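2 protein chains.
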Amino acid sequence: MLRKNRLFTPGPTPLLPAAQTAMASFAMHHRTADFRALFSRVLADMKDFIGTKNDVLVLACSGTGAMEASVSNLTSPGDKVLVLTAGKFGERWRDLAKAFGCTVEVISAPYGETFSLDEIRHKLTSDVRAVYVQSTESSTGARHDVKGIAKLVRAAGDDTLLVVDAITGLGTTHFDVDGWGIDIIIGGSQKALMIPPGLAYCAVSERAWKLMATTTSPRYYFDLRIERKAAAKGESAFTPATSLFAALAAALDYIRELGNGDLVAGREALVNNAELAAQMTRAGAQALGLKLFSPSCPAAALTAIQSPAGFDSGAIVKEFRESFGAVVANGQGEMKGKLFRIAHLGYYDYLDTIGVLAALEHVLANVTSKPAEYGLAVGAAQEVYARHLQRESASAVAQR
Amino acid sequence: MLRKNRLFTPGPTPLLPAAQTAMASFAMHHRTADFRALFSRVLADMKDFIGTKNDVLVLACSGTGAMEASVSNLTSPGDKVLVLTAGKFGERWRDLAKAFGCTVEVISAPYGETFSLDEIRHKLTSDVRAVYVQSTESSTGARHDVKGIAKLVRAAGDDTLLVVDAITGLGTTHFDVDGWGIDIIIGGSQKALMIPPGLAYCAVSERAWKLMATTTSPRYYFDLRIERKAAAKGESAFTPATSLFAALAAALDYIRELGNGDLVAGREALVNNAELAAQMTRAGAQALGLKLFSPSCPAAALTAIQSPAGFDSGAIVKEFRESFGAVVANGQGEMKGKLFRIAHLGYYDYLDTIGVLAALEHVLANVTSKPAEYGLAVGAAQEVYARHLQRESASAVAQR
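These protein sequence lines map, in sequence, to chains A and B. In this text, residue positions in the first sequence follow the working numbering: the first is -10, and each later residue adds one. In this text, residue positions in the second sequence follow the working numbering: the first is -10, and each later residue adds one.
Just chain A, with the same shape it has in the complex (with noise of 0.2 Å):
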């Protein structure tokens, strides 16, 4: 049959076809009154699609220049800094600390795991300058208590930061930026925002801004302050990445349209997206006898199943594209060939979630030489889809 390229992949995920338009015919140059309108226009959006009050900044980078800059503009050489860890993202934290010259205390939790809170209560002494966390681990797809840490965090006062990569997690998963007191959050244009690889953005506290004025750690590209200064008169501080701009920008337009108008409903609307073809696709994983890797914190963002034992996780995924086009994720690092990664941020829907699952069926068959009861997967992910109706239509009558 006729393949189609298919992203299932936790980032580059498929595109908005509206923003593939504005990027396409956008040709406007950046310092002109017409771009700092859509400039300040994307940064107040980016607000509520984050769900905060803090400044909100857009950087021409991927995700790890924002990491970068959450550790150069908060730290100074010596700094003590909290790492919690429980895979490759987690790990990238602790390099980028070690990087700057920080001193790097590590919460580890094995792959597929969270951390014991208990842990961190212990290790959070009044000399950590920052925790370093991310919301969804996407190489294990888990999720972290975010809610939970941030509670640590601030119980620990005002000298000590909480940062957060929601690289997978923002679009994915509730939060209560503000509220909760995340200092940094961190997210990337190629994610649940359904545009392309370019963009990083970020929301940064009043704590934070005031803990950049003393630290040391040089930046130059990545100074948030020159960002901050340069986007309060509705511009960057170098050149922006426009035509990711414009794409951005339909993004949001797009995301406030599922909320009728209201781009935090619309948000919401996205995050409920990702969840409900999460749960279908563990579901229909697990009708067909797989083990999810993280199955005691499964994110929204994407589901990590095991490979069956004796068969390498690269056939699952090579047979995937071969056969139906279809590129689902390996593991990576220490994971790769045990499990695959099926993407459920941003653009996906019921269809996209049931054929991906179908070809499963195939693919399992194929690559273990089982015959397939046909249809199991599906059928069990089709059960989750009718239930959650049925609850929403429940939750309409009640609401009357």
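No lab work stands behind these hints: they were computed from the structure.
Copies of the same chain are indistinguishable here, so a pair counts whether it falls within one copy or spans any two.
Heads up, simulated DSS-like pairs for lysine-lysine below, C-alpha to C-alpha not over 30 Å straight-line:
(1) K(-7) to K307
(2) K199 to K36
(3) K36 to K(-7)
(4) K140 to K42
(5) K218 to K199
(6) K42 to K69
(7) K69 to K112
(8) K199 to K42
(9) K140 to K77
(10) K325 to K87
(11) K69 to K140
Remember, it's a predicted structure, so these values are computed and weren't measured experimentally.
Use these hints to put chain B onto chain A, whose structure you have.
Just chain B now, kept in the frame of chain A:
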């Protein structure tokens, strides 16, 4: 869940992304050497797509425009023509021939069925100037036996011409245009070619050109002789729909890629794709206890499915659209409310085909208020797909 705009209508069909891109950026003037080169290349490629050595013309109009051309160019007022009709588009042949003053002999088959070759043989008297037929009747999902009909027409002699509306037939069924002796075969851009509406095309035999020199029906915009003369110089007689030409060129390139560099093999791959999707859809619908509308002669281009007794198919169409963003077609004319139609022609892959069947399971449960046994339609379609793969791999082994 999110609802992507998903066309499952037998035209317009989902657009090929490469064609959209080509179209969006195209701004060539049509009276230039560059456009003449493109125009000539497209016309040559269209011969391979249609499968003919006859002249191919591409007109700026919908399919009906080319249907009109095949009447106004091949007949004079008072000429006797034989129209084969078993649906709304057959009736269009009748109306067109009447509009141009032909004496119209009609052979009818009930909607959803096809013609008796005996009746055709009987009515094919030597004074019949032309026979008009659909290869696929899009309003009912029935496929007519063009090969069998052509045999009868050719046996009637060179003074009787055969005109085939293959608007949904080209790219979904096998034709030997020259071998069978089809005098005019007609297609449209918004069908298996995966581009928007706006272009019709036709291949014209030597017999047809000879006849045209003698016919007197009024024609101007659709005078095929003028188009032929212009095409010989790499031009169209009137302003061509240039951006659609760019899209068509991109679509033909894609079809060639499907055939690993061979356009004819690519066309066959496209036909086989529609056929497999149709087989999957028929099996899925029947697994749900639904009845096909044209069980004796089902087309590959689309599947027409009867609405369950007591339920208006409009409710099914509406539920598809509102719950899944999927546009399936209602019945047309007197079949409105009685059937719904799911398309397979053009740019559909496994995930599309499975996705719409999974959605059908929910739609049917909702509309009829009967509990669903989820996975039933999908499982039946997956069995068809798996058996197809087994046959393919067995035949590959046999060919070694």
